[in-house]
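> Given next are the chains, with one letter for each unit.
Number of protein chains: 2
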Amino acid sequence: VTTPRFHAPLAGTGLARVQLPAHEVHHLRDVLRLSRGAAVRVFDGRGREWAARVEQVDRHAAAVLLDAEIQPVAEPPAPVTLGLAILKADFMEEALRDAAMVGVSAIQPLIAARTVVGVRTADADRLTARWQRIVLASIKQCGRAVVPAVHGPESAGAWMAMQRDATQLKLLLSEPAMTAAAGAPAPIVWRRGRADGALLVSGPEGGWTASEFDTARAAGFIPWTISPRVLRADAAPAIALSLLFYEWERNLDS
Amino acid sequence: VTTPRFHAPLAGTGLARVQLPAHEVHHLRDVLRLSRGAAVRVFDGRGREWAARVEQVDRHAAAVLLDAEIQPVAEPPAPVTLGLAILKADFMEEALRDAAMVGVSAIQPLIAARTVVGVRTADADRLTARWQRIVLASIKQCGRAVVPAVHGPESAGAWMAMQRDATQLKLLLSEPAMTAAAGAPAPIVWRRGRADGALLVSGPEGGWTASEFDTARAAGFIPWTISPRVLRADAAPAIALSLLFYEWERNLDS
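The listed protein sequences correspond, in order, to chains H and R. With this note's numbering, the residue at position 27 of the first sequence is 27, and numbering never jumps. With this note's numbering, the residue at position 240 of the second sequence is 240, and numbering never jumps.
Treat the hints with care, since some could be wrong.
When the alpha-carbon atoms are kept at most 30 Å apart in a straight line, the in silico DSS-like pairs for lysine-lysine are as follows [stated by the list, open to error]:
no., chain 1, residue 1, chain 2, residue 2
1, H, 88, H, 140
2, R, 88, R, 140
3, R, 140, H, 140
4, R, 140, H, 88
5, H, 140, R, 88
None of these hints come from the bench; they were simulated from the model.
Please model the entire structure based on the sequences and the hints provided.
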């Protein structure tokens, strides 16, 4: 059994005793039922991690005493921001959880033309908070000490158009027929862009419209078809991220 | 909206009019509510696909008339059999669904030392039938015309030991610490084995025991750690398969 891990944003600020945020208190006390003296690990969400011990648990708060700093699991060699078209609830949860697990740096939820979930302005904050909780839960499980940022939803077309001047490798996951029709090269240029990282954009269940595809192309996104077989929208982002990171990490080794 | 696809094992045997199996009748009639004249596609599960039209639907049966044969989506350049440690129900479903989607050829469910699901002999046939249904549903969605075989469960250790004389590339997904302790090389030898395909084995939620790891090594399996980050057992197989197929397919292109 692995040592339970908690997000402690105040760790690393010089204090030996650190309070946990409210949602972490709940997990520690009500879910895992840990008490004073239990061995845990805490991470600051920015890449540092410590062995720690529960020092206090009560109705409203929990605090830990930091022990030795630990070498956290390696982060990818370069950051990737995922532009993720909003999916139906369960699929969105899978996509977020798996993207966080494999090593994404930040997630920009996107409202695409074929997004089937209605995202009203009034819901945006509540949805974003929910997505952040899903990402944090995944990070606690997969051993990363970095919590990827999850931004509030934006229009897919407008957001992609705004990336025109971004210098990173820009990739648009797209269906085989769309990529072929655009005359885009089949073998991907993924060795490029390691230094700056990449922007990777993944579409909704029904795929991109021709207009979104053209907007992305005009902003410098390269259409990327991972497989001749059709990948579900919830599974494609983590597979694409894994391909990028695997290639980048392998090149570091050799 | 894409044309609905059905598995018609009797297609390709020379008949122009083909009956659908019972579970496909249910999907066609009760779920999609198609009637006589509806345009569909059918695939034989062995790699061939046709445009077709519903010719008859009644309480007990459905039949289609085959039209032109269609070029199906490309299969991977070489077959991979996935030895998949049995996971909790939802996670097993995700692992099967995603492995089928990305292109696995066959799946061997394995009972590992840390498999938490009890698999009684009396349940094996029922479980296997359920796994086969999950795989078929995924195949219908992802456009493949090949239905991967799903075998009945076997003991992980015994099955891996039996693969000693197999000539394919043999890969064992394993945790970073286990791979490092075995002194296995970090950069994977995945370019090997394309001609023969590969055997890929994926462990349970709690990982392999030292004894299982040793058995696998003795049978010629190479430990493979995809990522320094910890991948959940339900997500790892599809990511590993995607890495293999992507590399193999890219090498065909160039």
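> Which constraints among the numbered hints does this structure fail? Numbers only, ascending.
Hint 3 contradicted; others consistent.
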